[in-house]
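Undergrad: Dock chains B and C with the ligands against chain A, hints included.
Chains as they are written, first to last, in numbering that gives the first Met the number 0: chain A, 0 to 818; chain B, 0 to 229; chain C, 0 to 455.
Where hints are given, some of them may not hold.
For lysine-lysine, the following DSS-like pairs were computed, each having C-alpha atoms within a straight-line distance of at most 30 angstroms [claimed, not checked]:
id, chain 1, residue 1, chain 2, residue 2
1, C, K140, B, K88
2, B, K34, A, K753
3, C, K55, B, K34
4, A, K130, A, K110
5, B, K196, A, K235
6, A, K101, A, K548
Derived DEER-like restraints, expressed as beta-carbon distance ranges [stated by the list, open to error]:
id, chain 1, residue 1, chain 2, residue 2, range
7, C, D138, B, E163, 50 to 60 angstroms
8, A, P74, B, E163, 46 to 56 angstroms
9, B, Q154, A, E43, 12 to 22 angstroms
10, A, R585, B, D191, 40 to 50 angstroms
Source of the hints: derived by calculation from the structure; they are not laboratory data. Think of the CB as a built atom: it goes at the ideal place given N, C-alpha and C, for glycine as much as any other residue.
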Amino acid sequence: MGLKRRDFLKIIGGSALSFSLYDCSTKNYLSPIREKEWSPKVEEWIQSVCFACPGGCGILGRVVDGKLVKIEGNPAHPINRGKLCPVGQASLQVLYSPDRIKGPMKKIGGKDSSKWQSISWEEAMETLVSKLKELRNAGDSHKLVLLNGGNRGILSEIFDRFMKVFGSPNHFRYDFYNSLTQAYYLTQGIDELLAYDFENSNYILSFGSSFLTSWPSPVQSMRAYAFLRQGRPGKKAKIAQIEPRFSIAACRADKWIPIEPGTEGLLALGIAYVLIKERLYDRNFIEKFTFGFEDWEDEDGNSHYGYKNLVSERYRLDFVSETTGVSVDDIVTLAKDFAMNKPAIAILDHNATNYSNGLYNALAIHSLNALIGSIDVPGGVLVQRKVPLQELPKISVDEATKMNLSQPAIDSPEEGQFPLATSTPSLIPENILKGKPYPVNLAFICKANPLFSSPNSEKYRKAFEKIPFIVSFSSFMDESTLYADLVLPDKTYLEKWQYAESSPVSKTPAIGIGKPIVENLFNAKPTEDVILEAAQRMGSSFASHFPWKNSKDFLLYKIDTLFRARKGIIFSDPFEETQLKLLEERGWWVPQFTSASEFKAELMQKGGWWDPAYSFGQRSFVFRTPSRKFEFYSQLFVKRIEKIAEQIGENREDKKDVIFNQLNFESRGDDFFMAHYEKPQFEGDKKEFPLYLYIYQPFSLTNEYEANQPWFQEIMGFHLNMNWDSWAEINPHTASELGIADNDLIWIESVHGKVRVKAKIYSGAMPDVVSVPFGLGHRALGQWAKNRGINPIDLIGANFDQLTGLAMKLSTRVKIYRA
Amino acid sequence: MPRWGMVIDLDRCTACQACVVACKAENNIPFSSPKEAGRRRIISWMRVLPMMEGEYPNLRERFIPRPCMHCDNPPCVKVCPVGATYKNKEGLIAQVYTQCIGCRYCTNNCPYTLKYFNWFRPEWPEEMENYLNPDVSIRSKGVVEKCTFCHHRLQKAREKARAENRELKEEDYIPACVQTCPTDAIYFGDLDDSKSKVAQLARSPRAFRLLEELGTEPKVYYLSEGEWHG
Amino acid sequence: MDKDTLDEHFVDEVAHEDAPILKPILYTSKRFYTVVFILVVIILIGVLAWIFQLRKGLGITGLNQPIFWGFYITNFVFFIGISHAGTLISAILRLARAEWRRAITRSAEVITVLVLFFGVFNIITDLGQPGRMFKVFTDGKLSSPLLWDVLSISLYLAASAIYLYLPLIPDIALMRDKFKSKTKRLFYRILALNWKGTEKQWAILEKAISIMAVVVIPVAVSVHTVVSYVFAMTIQPMWHSTIFGPYFVTGAIFSGIAALIIAMYFIRRSYHLEDYLKPIHFNNLGLLLLVMSLLWFYFTFTENLTAFYGAEPAHLTVFWSKFIGGYAPYFWTMVGSCFVIPLVILSNRRTRTVTGTTIASVSVIIGMWLERFTIVLPTLINPRLPYEKGMYHPTWIEFAVTAGCFATFILLYVLFTKFFPIVSIWEVKEGKEIGVKETEERIKSYLPGKEKENLK
Ligand SMILES: Nc1nc2c(c(=O)[nH]1)N[C@H]1C(S)=C(S)[C@@H](COP(=O)(O)OP(=O)(O)OC[C@H]3O[C@@H](n4cnc5c(=O)[nH]c(N)nc54)[C@H](O)[C@@H]3O)O[C@H]1N2
Ligand SMILES: Nc1nc2c(c(=O)[nH]1)N[C@H]1C(S)=C(S)[C@@H](COP(=O)(O)OP(=O)(O)OC[C@H]3O[C@@H](n4cnc5c(=O)[nH]c(N)nc54)[C@H](O)[C@@H]3O)O[C@H]1N2
Ligand code: SF4
Ligand code: SF4
Ligand code: SF4
Ligand code: SF4
Ligand code: SF4
Ligand SMILES: [Mo]
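One chain only, chain A, in its complex shape (with noise of 0.2 angstroms):
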């Protein structure tokens, strides 16, 4: 008891000395960083460029001691102005994340193993180079695959040219925008999205696109939004966000109109209707600038079907209504609003694409713009001019290698099969395996990991057995790389050198320039300066294509024109960039420099360079059609058909009819190569499975990293107080319907498959729709992402829409029920 009492009183007493036993000496509260005790002795800011999403924001990395603790938006960026998303700020958790791959690697013990040896990068780059010169020398070059996820800046560039010296048709990148190029493309004769002038807009009729947060540019369109809410006195911009989630850009629009998935282009034609009937559209616009609005007749007399009549006969507003669920009062008032807040844009990204009938929405949505002439005008579609960077040099090669090089890609559909594809890397798994048209010896991955974000990677996985030997270029052992033979990590885009362009939906052309923020971290190297030498031990004259020492010096070449071409400025402060700029668009450019050295010099220390002006009206630029016009009526598309019915060899006439037949689609005239409606398909019976399946994307798992990002897993869900873990979200009467609670686990099952999910009853879903986020799942990648959360692409199939051959994330029917 004494002893007991004595505790308590040294206790209350105050002594520290009881308790020293534990944790409780002052040495323990200190953790071991500040033991270390920092006396930051040199700081620096480093100005380079993040390439976390195609963005290219400009940062400023503050380094100290070598370490970059921060990472901030760089002030002369014109994109971002200094300001960054929460991808940009939380990289410092993928460039010092544990997880990283510390060096070279090769795998032992054959295919199935999991066993992996350091190697040396000498004997990586020695494996590498052999194992192509064995491909090279037995004449199959075009055997070598790459998967590569990025399709933009110097790894790109490199890559293209690598595979074309060596000799292979086999360079595949993801473009999940297609269908939304192919509608620019069949319309304006374009083949990128196209730069909305958000600013200048008054009205913004959106069909589902996520602006505010999965955007190709998100700091910039937030920052567009900001501007046009609350920025411009007196002059707010109106919204109207489409879909069937209550999205981030339907809370802050004016209004959201929930429509059942897949309609979007109907209701877009609703809209269309009522701009016709009530005479709103831009009459000035169409004569001059468009192509198939009234009837009209072909050179061989033959009369067509106009875009006015056609909507005006089909699209009335009650059937538009039933279909879309969206009320005639609503379709009058969006109309009306578009109309009469000019400028105004009708703007998608592909969301409203991603079904059977993606393509004809995308038309339909677009041709809105058209509708009320809202293209090429400030606060309208614009297109982007391109910084005029230095072409490569002309690739000579061998007849051989141009031979391997004319052989169809691997990703080759059946003859006929999706006509306007350019490009299906769905099929690629279902080829490799059956060995169609040639089977593969040698694969290179890169920023993809189709083991975990392809519909069919079940097929993917089976393939990549197949395949003889695999290269990862992979900073992280994801799902993919688990598979090759060989893994060369990649370094970070914060350790490398390299230049981001502005992403295409920018009205302004931009380049930063990103310069190695930490350098030494770990065993990896630049893939760019991997390939670049892997490029000069294949031989003097494969070597002879790669002038360039390092990555680095690709870079300087890149930018090399700039300092000639006579327009832009180099980041400069705002009052400065104004006066240029106003100058410019007035046909003035002054040289700000003497010197191309002394250009030079400047660019790299401002990070930058970019064109503020716009010049409007150069019709030929944004109408880059046959008709030099905007094409209601796709004569491209026509152009496109019938090069396809010559390839398959029928007559003329019924050569049409042969591809429609192939189709799913109703339309058989001239209305099919016009924006109309068609039913889109889904997957599962609607008596079985009476929901839709909703796939998105929250803004904290847009990137392939952020699954693996602590920080993310924190806020993934911070709506429905969520985070490290998936979830659906249920609208509530539906709930109560299917007795289910909040946080009650169900199960979501399709035709494919099924996954155990936490349910959160969520008003901003739709009766019928189940939404599930995009991005957890994995089974690798790193410690914070591995098994954890489902991965909704296990529910769906490899749909095809089948134009353009991209596979859709939104067109399957579920069922839920309590597990």
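TA: Positioned in the frame of chain A, the structure of chains B and C with the ligands alone reads:
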């Protein structure tokens, strides 16, 4: 003495949470594990609170980013038995980690639930220790912490101004969340300087403060159009 | 008790008449060792849990954001409440000259002194940085109600310790004089402070005791008032309440009486002190308990009715979570065991027996712990801003530490009875010798009739 305060424009904010991440990065905030997060022990000095009103399909949602309100009449300070949290000369509510005994009285008396406790000793994988900010101390287990308005940035700004032999200017001192916010939704400055942007905005008809009726006199103002049902 | 065995211990026979009281000090049964063993095991588990918690941090408890307080603070309030058993009750009875008090005051006072340690211990256990608790003394800020607690509890502890000790002195001296064993005599000599039993010493002692009795009452009242202020001074819904002071004091006395009855019950049974702790004691205390139960209900009713009627959203959320929400089971159990059960048992003379009052007391003890629990938790679970709702699932750590506290308390109590007479020998004797006469006179003094007549 300036009276530092913040104005957050909810009509600009897009709930991107860049401010949240920036704060975590700037202030050496340890991250949670799934288990700890499940027990609601995530530390996040800045948090975005979703406030949804209405019923499907007529919904209205506001996102409210919340740092410490740095109340002029702070209930948390009054109850601290050892003065580990106090109001300093510039009105910032300071938190002295080495003084805190971890009684969590202040956490319970913050009506905004914006104080956080270190349930365990914060730890980072060795590689991640590299990114820790040398200007900000690492808290030990068992102490309370919260948004400091990036006080270390004020100290640095002041040192810099002194080194350059000039007065501290308002724009010298920018907290991390303010600096990164893509929509410029957060304004920061001297509420007592009637010419400053924050002072002007705080007087705007759109301005309100959270739980104003409690008399805590928060120095964080919000701007929002329409009616406010806080 | 035969004479020879007693003589082994005592120098003469004087002690014989007090033999039943002294017996526990002299003999130790096997059962006693079993009880001690069980208690020690529980304590060891508790200590282990506590060490665990000290090393790892409070994270291994079920506390979280925003449930920053849980079991420990509940225990703290509860134990401090129990502490009102002794000193306050005994002091009131003493000042009121309730003669029946004589046999029970000591057992009550011991509860107070011991239980205060556990109140304090629970606060320390709840600290994130227990090693820094001395800062409360070196850097204390008087603006914090927690500091008021520190001050008033320290004062109360000191006062009750003295108040326990003073009446003990003559009994200690008795044992010093009577024991044969040298070591024991030394032990008691030191504690007896040279008590000779002279007239002067008696006078001083009596005086000191009555002064302490007066002092200790306001201190005790202040202690629990201040404990309530820890909550009431915040601006949290349903904590910020004006009646918390008296409400807490009532609850404290309520639970204190219950604790005393339970202690008496076990002392009576284990040490066969039926002659000292008689049914009348239980009856009287039972009646007191009944009164407190009614008072408690009155306060509980008022407190909740105002919250309900005011209908402030933040208060209402807390209110509903107690009435029909997640805390309803606890709340209604509390109402049942603090009000319904005692009311039924104690309002009927036939059930107000020794066993009856004890059962009622156990019920009250459980209920009062739940009362503290339903004051601390529902408010924290429902902070003012929505979407922040919390939950609390205590882990084995909190259970083990709590059980350890109770076990240590019981052990210490039991050990006390092994060293000191749990019934005040001299006071009882004094009661027999002068109390009867005095009381008779006192009663006469307020019987109707002329003053002189009564005195005759
Ligand atoms: N579960 C799930 N599936 C999806 C999606 C989703 O969000 N979730 N999104 C769909 C969409 S929209 C797309 S575009 C595709 C994308 O599919 P993929 O192009 O396969 O992209 P990710 O799955 O993100 O995998 C990219 C991999 O590249 C690596 N990587 C990232 N940056 C670099 C770098 O700088 N250098 C190198 N060498 N490697 C790098 C990472 O380790 C990562 O594992 O996935 C589709 N499928
Ligand atoms: N930071 C960063 N940004 C990125 C990327 C990155 O890696 N990092 N990746 C880029 C890439 S590859 C992609 S693919 C994009 C993905 O970005 P998004 O194209 O924005 O893809 P999600 O976020 O999945 O889009 C989901 C949106 O579509 C809406 N939606 C869902 N179902 C339907 C429907 O049936 N109909 C309609 N109309 N709308 C629907 C939802 O409401 C939601 O707002 O992000 C790009 N942006
Ligand atoms: S928008 Fe893209 S480029 Fe800009 S900071 Fe965010 S992730 Fe980086
Ligand atoms: S960074 Fe700005 S826009 Fe993003 S959540 Fe924070 S306050 Fe809102
Ligand atoms: S918001 Fe909370 S923590 Fe901050 S000053 Fe006010 S009461 Fe204190
Ligand atoms: S937890 Fe720390 S800061 Fe808060 S009241 Fe207790 S000692 Fe003060
Ligand atoms: S002011 Fe600084 S500490 Fe406070 S929320 Fe912003 S970044 Fe965090
Ligand atoms: Mo994508």
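Undergrad: Taking the hints in turn, state whether each one holds.
TA: Hints, one by one, checked against the model:
no.	hint	result
1	K140/C <-> K88/B	holds, 18 angstroms
2	K34/B <-> K753/A	holds, 25 angstroms
3	K55/C <-> K34/B	holds, 15 angstroms
4	K130/A <-> K110/A	holds, 16 angstroms
5	K196/B <-> K235/A	holds, 20 angstroms
6	K101/A <-> K548/A	holds, 24 angstroms
7	D138/C <-> E163/B: 50 to 60 angstroms	violated, 37 angstroms
8	P74/A <-> E163/B: 46 to 56 angstroms	violated, 19 angstroms
9	Q154/B <-> E43/A: 12 to 22 angstroms	holds, 20 angstroms
10	R585/A <-> D191/B: 40 to 50 angstroms	holds, 45 angstroms
Checked against the numbered hints listed earlier, the structure breaks hints 7, 8; every other hint is satisfied.
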